[in-house]
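Peer 1: Here's the letter readout for the chains.
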Amino acid sequence: MPPDMHRRSALLAATVTACTLLAWSGRPIAAAELSVTVHAPDGSAISGAVVAVEPAQPAAKPRTAARASMDQRELKFVPNVLIVRTGTAVDFPNSDQVRHQVYSFSAPKPFQLSLYAGRAHPPVVFDRPGLITLGCNIHDRMIGYIYVTDSPWFGATGRDGSLRLRELPAGDYTVRVWHPRLAEVSAQLAQRVTLGNGAAVSSFRLARPLRPAMRSGGAEKSWEDY
Amino acid sequence: MGRLLSRLAGMAAALCLAHAAPAHDFDLSIDLRAVSVSGQPSYLHGGGGKLRFDDEHEGLQLGSLRAGYRGDLTDTLRLTAEAFAWGDGDVNALDLTELFLTWRPVPTSRWRSETKLGAFYPAISLEHRMRGWRTPYSLSASAVNTWIGEEIRTIGLEYNLDWLGQLGNSPFSVGVTAAAYGWNDPAGIILALRGWSLHDRQTTLFGRVGEWRRGIVDGRTLFYDDIDGRAGYYAGLNVNYSGALEIRALHYDNRGNPAAPAPAIDDNAWKTEFNSVGVRWTPDERWTLIWQRLQGRTEVGAQLPPNRWLFDTEFLLASFNYSRHRLTARYDDFRVNQAVSYFGSLNRDRGHAVTVAYGFRFNEHWSAMAESLLIDSMLRSRRWIGAPQQATERQLQVALRFEL
Numbered sequence: 001m002p003p004d005m006h007r008r009s010a011l012l013a014a015t016v017t018a019c020t021l022l023a024w025s026g027r028p029i030a031a032a033e034l035s036v037t038v039h040a041p042d043g044s045a046i047s048g049a050v051v052a053v054e055p056a057q058p059a060a061k062p063r064t065a066a067r068a069s070m071d072q073r074e075l076k077f078v079p080n081v082l083i084v085r086t087g088t089a090v091d092f093p094n095s096d097q098v099r100h101q102v103y104s105f106s107a108p109k110p111f112q113l114s115l116y117a118g119r120a121h122p123p124v125v126f127d128r129p130g131l132i133t134l135g136c137n138i139h140d141r142m143i144g145y146i147y148v149t150d151s152p153w154f155g156a157t158g159r160d161g162s163l164r165l166r167e168l169p170a171g172d173y174t175v176r177v178w179h180p181r182l183a184e185v186s187a188q189l190a191q192r193v194t195l196g197n198g199a200a201v202s203s204f205r206l207a208r209p210l211r212p213a214m215r216s217g218g219a220e221k222s223w224e225d226y
Numbered sequence: 001m002g003r004l005l006s007r008l009a010g011m012a013a014a015l016c017l018a019h020a021a022p023a024h025d026f027d028l029s030i031d032l033r034a035v036s037v038s039g040q041p042s043y044l045h046g047g048g049g050k051l052r053f054d055d056e057h058e059g060l061q062l063g064s065l066r067a068g069y070r071g072d073l074t075d076t077l078r079l080t081a082e083a084f085a086w087g088d089g090d091v092n093a094l095d096l097t098e099l100f101l102t103w104r105p106v107p108t109s110r111w112r113s114e115t116k117l118g119a120f121y122p123a124i125s126l127e128h129r130m131r132g133w134r135t136p137y138s139l140s141a142s143a144v145n146t147w148i149g150e151e152i153r154t155i156g157l158e159y160n161l162d163w164l165g166q167l168g169n170s171p172f173s174v175g176v177t178a179a180a181y182g183w184n185d186p187a188g189i190i191l192a193l194r195g196w197s198l199h200d201r202q203t204t205l206f207g208r209v210g211e212w213r214r215g216i217v218d219g220r221t222l223f224y225d226d227i228d229g230r231a232g233y234y235a236g237l238n239v240n241y242s243g244a245l246e247i248r249a250l251h252y253d254n255r256g257n258p259a260a261p262a263p264a265i266d267d268n269a270w271k272t273e274f275n276s277v278g279v280r281w282t283p284d285e286r287w288t289l290i291w292q293r294l295q296g297r298t299e300v301g302a303q304l305p306p307n308r309w310l311f312d313t314e315f316l317l318a319s320f321n322y323s324r325h326r327l328t329a330r331y332d333d334f335r336v337n338q339a340v341s342y343f344g345s346l347n348r349d350r351g352h353a354v355t356v357a358y359g360f361r362f363n364e365h366w367s368a369m370a371e372s373l374l375i376d377s378m379l380r381s382r383r384w385i386g387a388p389q390q391a392t393e394r395q396l397q398v399a400l401r402f403e404l
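Order-wise, the sequence lines are chains A and B.
Here this note's numbering is used: the first residue of the first sequence is 1, the next is one more, and so on.
Here this note's numbering is used: the first residue of the second sequence is 1, the next is one more, and so on.
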């Protein structure tokens with residue numbers, strides 16, 4: 001895994017913890033802690049898997065709209081996968097010297113940002129849960145994802161293939177796992193868990209190995225394929 | 001006042017930041033060569049040699065001077081222009097190689113369409129990946145792609161329909177392409193007379209190849225000319241798997257009428273058709289492997305059957321990229337067999353070539369590349385100019401390149 005992925009996972013984990021604390025500050029601290037692990041069929045850890053833990057009773061909506069950023073650097077979406085809570089306003093700054101034309105035709109949020117550089121567009125509000133795939137109409141190799149969830153408990157697995165979520169109130173939950181390179185037959189992996197006061201573990205083992213990562217085809221960023 | 005000025009300055013800076021990348025984008029490339037050659041005089045200078053340079057054109061040479069332009073006319077309409085100077089006394093010192101409009105609406109589903117209008121290259125070469133249709137792997141292109149640069153240009157309309165599976169949950173993206181074009185009736189003449197070659201010189205839109213009425217390729221032909229008024233077509237398919245594998249196939253037919261004369265160049269239209277297939281595989285980010293094959297025929301002449309040549313070529317290229325270094329090796333195999341001739345003597349070209357190139361990137365502006373090219377060939381048409389049919393030609397080049 002490249003070092004920036006580690007950073008990204010750490011960042012996501014930190015965001016999750018912060019979100020959790022923010023959502024539950026001032027309330028009685030619940031005891032449940034949930035560890036979600038994701039492994040390949042051969043037992044190796046899967047990092048960067050999206051985990052969203054959805055309560056059976058819908059969670060309280062946040063008081064203020066969250067803000068997040070999907071950067072474009074060296075012809076890549078950074079982070080490659082952004083996980084946000086429903087209602088989050090996402091900025092799409094272009095940090096490259098070339099212009100990008102970001103679009104999505106995914107059902108939860110179809111949109112397009114006309115050809116731009118820098119910070120030309122206001123943020124896009126992701127108001128429906130689901131998976132949004134991002135493309136750039138100038139650079140077909142640029143593909144990114146925004147995973148929008150109603151739940152305040154989400155994150156991405158780290159190097160060890162696990163994500164630990166703390167201070168979940170007791171109750172019933174659905175744990176959903178997703179990864180951009182998932183090759184499973186079913187589009188989504190889900191498990192139901194009931195949390196009491198102790199620690200619980202939700203383990204996922206994929207039926208199929210992840211698809212190989214998208215490659216640049218050996219291209220350097222200054223190239224322009226014919 | 002000071003506060004107002006600083007606020008204005010801040011607003012101006014924000015405005016500049018928002019438009020840091022211009023809608024009009026010019027760029028420039030300079031390629032200077034030190035060349036050492038042993039072989040026959042080049043076909044460009046009245047000889048039967050297959051190389052771009054020869055004994056009289058070696059030492060310090062201009063590889064190319066290139067100017068490129070990309071202009072976003074609207075959100076989805078882009079104008080591309082490419083101009084080259086080759087420094088070898090062509091009709092125009094600087095001339096266009098490509099000039100086209102691309103209309104690419106933002107997709108609203110996995111299907112995306114793109115329309116191109118103007119003069120451009122059909123998507124055949126898997127080597128040419130740099131602006132200006134240049135190859136990053138070596139100085140001289142493979143035989144097949146050298147020929148595309150010499151004689152094949154779409155001057156017309158191309159439509160592409162892509163299925164962007166990679167934006168869904170699929171590792172595949174698939175595209176089809178179809179084009180109708182004119183101004184390509186002389187295509188095939190160089191292949192029929194001189195056979196295959198390996199170099200980087202693209203025929204410009206208003207340029208000629210060879211010296212006026214000298215040698216095998218005699219500079220009479222204006223390549224992008226329409227003699228018979230019949231449009232040609234091509235249709236192709238491309239598949240991409242996970243960015244790591246690119247497969248292209250194309251059928252090309254210029255639908256030339258071999259009986260249609262063009263008195264200005266004392267020639268008829270050439271009917272050229274071929275099938276082309278290629279695979280580029282990048283097993284990891286360092287290695288690139290390319291294989292391409294092209295097979296076809298060209299015909300000219302009012303009598304039946306017309307003069308006919310069958311041609312085919314293929315190459316295998318392996319390139320290794322590490323940090324600032326790139327090392328490439330390529331093997332080319334090629335042949336032309338004339339099947340019908342009014343004059344009894346059948347031309348023939350049979351040969352192979354080995355290319356080894358090493359490139360080093362100093363920074364984003366400066367790079368250097370050294371290339372050794374060996375072409376071993378038997379070309380019957382060399383008899384016409386009293387040269388030996390068999391030739392083993394060697395060319396060593398070192399290029400210093402500047403990109404702005």
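Calculated directly from the structure, the hints in this document are not laboratory data.
Note that the structure is a prediction, hence the values are computed from the model and not measured.
Mixed in with the good hints there might be a few duds.
Unchecked claim - Among chain A residues calculated to face chain B with C-beta under 10 angstroms, some are:
#1 N137
#2 R208
#3 R211
Stated by the list, open to error - Now the stretches of chain A that chain B is said to cover, found in silico as 3 or more residues with beta-carbon under 8 angstroms:
#4 82 to 93
#5 140 to 146
#6 215 to 225
For every residue, glycine included, the Cβ atom is placed at its ideal position computed from N, Cα and C.
Peer 1: For each hint, tell me whether it holds in the structure or not.
Peer 2: Here's how the hints hold up against the structure:
For N137(A), the interface hint holds, the least distance from its beta-carbon to any beta-carbon of chain B being 5 angstroms, beneath 10 angstroms. The criterion of a C-beta within 10 angstroms of any C-beta in chain B is not met by R208(A), whose closest approach is roughly 12 angstroms, and the hint is violated. The interface hint given for R211(A) is met, as the beta carbon of that residue sits about 5 angstroms from the closest beta carbon of chain B, less than 10 angstroms. Interface restraint, the region 82 to 93 of chain A with chain B: violated (0 residues with C-beta to C-beta distance below 8 angstroms; minimum three).
Given a C-beta distance limit of less than 8 angstroms, the hint that chain B covers the region 140 to 146 of chain A holds, as 3 residues qualify and 3 suffice. Only when three residues or more bring their CB closer than 8 angstroms to a CB of chain B does the claim for the region 215 to 225 of chain A stand; here the count is 10, and the claim holds.
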